[in-house]
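*Asks:* Produce the complete structure using the sequences and hints provided.
Residue numbers (our numbering), protein chains in the order written: chain A, 1 to 319; chain B, 320 to 545.
FYI, nobody ran anything at the bench for these hints, they're computed from the structure.
Warning: the hint list may mix true and false statements.
[What the hints assert, rightly or not] Ranges between beta-carbon positions, derived for each pair:
1) A/LEU314 x B/LEU426: 26 to 36 angstroms
2) B/PRO506 x A/LEU113: 12 to 22 angstroms
3) B/VAL511 x A/ALA129: 22 to 32 angstroms
[As the list claims (entries may be wrong)] Examples of chain A residues lying across from chain B (beta carbon under 7 angstroms, computed):
4) ALA101
5) ILE104
6) ALA306
7) VAL307
[To be verified] Covered by chain B, according to a simulated footprint, are these stretches of chain A (three or more residues, beta-carbon under 8 angstroms):
8) 43 to 51
9) 56 to 62
10) 235 to 246
11) 275 to 284
Virtual Cβ for every residue (Gly too), placed ideally from N, Cα, C.
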Amino acid sequence: MITLDAVYVLAGLLFLAIAGFSLVDRTNPKRLKNAAFWGLLAVSFLGGSALGDLGNGILVLALVVLAGFGGGLGRGAGDLPPAEVREASARRWGNRLFIPALAIPVVALLGTLVLKTVKFGDRPLVDPAQVTLISLALGVVVALVMAMAMLRPPMTAPVQQARRLLDTVGWAAVLPQMLAALGAVFALAGVGKVVGQLAGDAIPADSRFFVVMAYTVGMALFTMIMGNGFAAFPVMTAGIGLPLIVTRFGGDPAIMGSLGMLSGFCGTLMTPMAANFNIVPAALLELPDRNGVIKVQVPTGLLLLAVNTVLMYLLVFPR
Amino acid sequence: MLTLSGILIVVAGFVAGLNPLLVVTVAAIVTGLAGGLDVITVISAFGKAFNDSRYVSIVWLVLPVIGLLERTGLKERAQQLIGRIHSATTGRVLLLYLILRQGTAALGLTSLGGHAQMVRPLIAPMAEAAAETRFGTLPDAVRFKIRAHAAAVDNIGVFFGEDIFIAIASVLLIRGFLHQNGIDVEPLQLSVWAIPTAIAALLIHGTRLMLLDRRLQRALGPGAAR
Numbered sequence: 001m002i003t004l005d006a007v008y009v010l011a012g013l014l015f016l017a018i019a020g021f022s023l024v025d026r027t028n029p030k031r032l033k034n035a036a037f038w039g040l041l042a043v044s045f046l047g048g049s050a051l052g053d054l055g056n057g058i059l060v061l062a063l064v065v066l067a068g069f070g071g072g073l074g075r076g077a078g079d080l081p082p083a084e085v086r087e088a089s090a091r092r093w094g095n096r097l098f099i100p101a102l103a104i105p106v107v108a109l110l111g112t113l114v115l116k117t118v119k120f121g122d123r124p125l126v127d128p129a130q131v132t133l134i135s136l137a138l139g140v141v142v143a144l145v146m147a148m149a150m151l152r153p154p155m156t157a158p159v160q161q162a163r164r165l166l167d168t169v170g171w172a173a174v175l176p177q178m179l180a181a182l183g184a185v186f187a188l189a190g191v192g193k194v195v196g197q198l199a200g201d202a203i204p205a206d207s208r209f210f211v212v213m214a215y216t217v218g219m220a221l222f223t224m225i226m227g228n229g230f231a232a233f234p235v236m237t238a239g240i241g242l243p244l245i246v247t248r249f250g251g252d253p254a255i256m257g258s259l260g261m262l263s264g265f266c267g268t269l270m271t272p273m274a275a276n277f278n279i280v281p282a283a284l285l286e287l288p289d290r291n292g293v294i295k296v297q298v299p300t301g302l303l304l305l306a307v308n309t310v311l312m313y314l315l316v317f318p319r
Numbered sequence: 320m321l322t323l324s325g326i327l328i329v330v331a332g333f334v335a336g337l338n339p340l341l342v343v344t345v346a347a348i349v350t351g352l353a354g355g356l357d358v359i360t361v362i363s364a365f366g367k368a369f370n371d372s373r374y375v376s377i378v379w380l381v382l383p384v385i386g387l388l389e390r391t392g393l394k395e396r397a398q399q400l401i402g403r404i405h406s407a408t409t410g411r412v413l414l415l416y417l418i419l420r421q422g423t424a425a426l427g428l429t430s431l432g433g434h435a436q437m438v439r440p441l442i443a444p445m446a447e448a449a450a451e452t453r454f455g456t457l458p459d460a461v462r463f464k465i466r467a468h469a470a471a472v473d474n475i476g477v478f479f480g481e482d483i484f485i486a487i488a489s490v491l492l493i494r495g496f497l498h499q500n501g502i503d504v505e506p507l508q509l510s511v512w513a514i515p516t517a518i519a520a521l522l523i524h525g526t527r528l529m530l531l532d533r534r535l536q537r538a539l540g541p542g543a544a545r
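*Replies:* Laid out in structure tokens, this is it:
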């Protein structure tokens, strides 16, 4: 059975190659640091499960020291042809250039739909729980083969270009993973329980509107702290939603749950803790302001939070 | 109460603009210690959680393909294509992507999108090109604003589309949590109630995108005070 481990090996090999290219990248003043950073990440992907928990912990600390001190990681030159060359190349290839780019999502999608059903004997070909990520990796491989066959670039070009892009993202590339790990530590230490109790104690329980508002705004705020609505939902629903909206005022649990989660998503739009949605794209798009994407999203996030609150107040209680 | 110290560290660290990796690590260690764990246990727990979360970083696998296509002029092609469509404006390009992203997410097709795969190589260059065709070279601040809007549209589309699909992770999580608490609801009941918010998201953000067009016109169009 193909599991996520195969995808981790693929990613590990990519990070290893990027580390190697960084090492010999004389345009990068901090090439040794970059090589060490991506090399350690390669170790994590290739052998993380064999390192043991403490070994992984030390690896993470090493990554943080490399990225967090001495001015962080460096950035090599682009190795990108000048704009005129790229424009001429774009005219030459025309819309065929979109084919490999669109092959990634198309193959990922087909894979998600089809691979789930493929079986060898009575064993599934791919781990059914991880079919989306495995299909994404498959999409990348298919797209890369297509692009190489079509464009015939030097064999090193894909890795060299991946290094260029990863240099622009820098340490932000591991921030989402790090925040996911922080969420796990928060859960272990019982942060959610404390927050849920505080929230449950703090609100005036006799007004329907304030109870609803405490729940939706609480979902958004705790999502902003945790970085995702999935972590906030059980805490806020156990602390406010179920005891007050459902049990005390007889609210509909389906409407509460649905609109509660969507209130959490409003929080996701407004927090740097949701790094994969907000900080990573700012780095990918080379915005000078790390919070540039969040700033654009805040008005929509606040307005939708208000909409969710009013909708829940109008819809959740029995008539 | 001490267990909440990690949250304070995160907030203070992000506000102070310190390196987030550093802030997150310190917050994790302090939270663990405040929760009564010893240093070795905390570092081990953090390491285990980091290792268990590797799937989050799988998205970087797309970089070789995107980089290779960029080298061959993918962004430029996206710009050439938009430059030929005279009715294209930044707001309209982004609104069209918002509708596509939200619509496909509502059908469960959340992998049709993403910042590395779609926004950086295609959507952001198209949105920029639409403005450039009209107004010429853009000031940097405007360029960055348009890019930020391109990233935002991807997020808003997927967040407020996916919950309409009955088998998406968040719907399953809500259902699972309610079930643990002795309440059984059908996934369809949950996804139906995601529709009003989805419509509101499209209307609110769509309006903002049209206003973005007007702002660009006012700031950069003919007669604009420079």
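*Asks:* Now look at each hint and say whether the structure bears it out.
*Replies:* Here is what the structure says about each hint:
Between A/LEU314 and B/LEU426 the beta carbons are some 28 angstroms apart, a value that agrees with the proposed interval 26 to 36 angstroms. Take B/PRO506 and A/LEU113: their Cβ atoms lie about 18 angstroms apart, and the range 12 to 22 angstroms holds. Checked against the given bound of 22 to 32 angstroms, the beta carbons of B/VAL511 and A/ALA129, roughly 27 angstroms apart, stay inside it. The closest approach between the C-beta of A/ALA101 and any C-beta of chain B is roughly 6 angstroms, which is under the 7 angstroms cut-off, so the hint is satisfied.
For A/ILE104, the shortest C-beta to C-beta distance to chain B is roughly 5 angstroms, which falls under 7 angstroms, so the interface hint holds. Of the supplied interface hints, the one on A/ALA306 is violated, with its beta-carbon coming no nearer than about 10 angstroms to a beta-carbon of chain B, more than 7 angstroms. The interface hint given for A/VAL307 is met, as the beta carbon of that residue sits about 5 angstroms from the closest beta carbon of chain B, less than 7 angstroms. Here the region 43 to 51 of chain A counts 5 residues with a CB under 8 angstroms from a CB of chain B, which clears the bar of 3, and the coverage holds.
Counting residues of the region 56 to 62 of chain A whose beta carbon lies closer than 8 angstroms to any beta carbon of chain B gives 6, which meets the minimum of three for the stated coverage. For the region 235 to 246 of chain A, the proposed coverage by chain B is satisfied: 4 residues have a C-beta within less than 8 angstroms of a C-beta in that chain, meeting the threshold of three. Only when three residues or more bring their CB closer than 8 angstroms to a CB of chain B does the claim for the region 275 to 284 of chain A stand; here the count is 9, and the claim holds.
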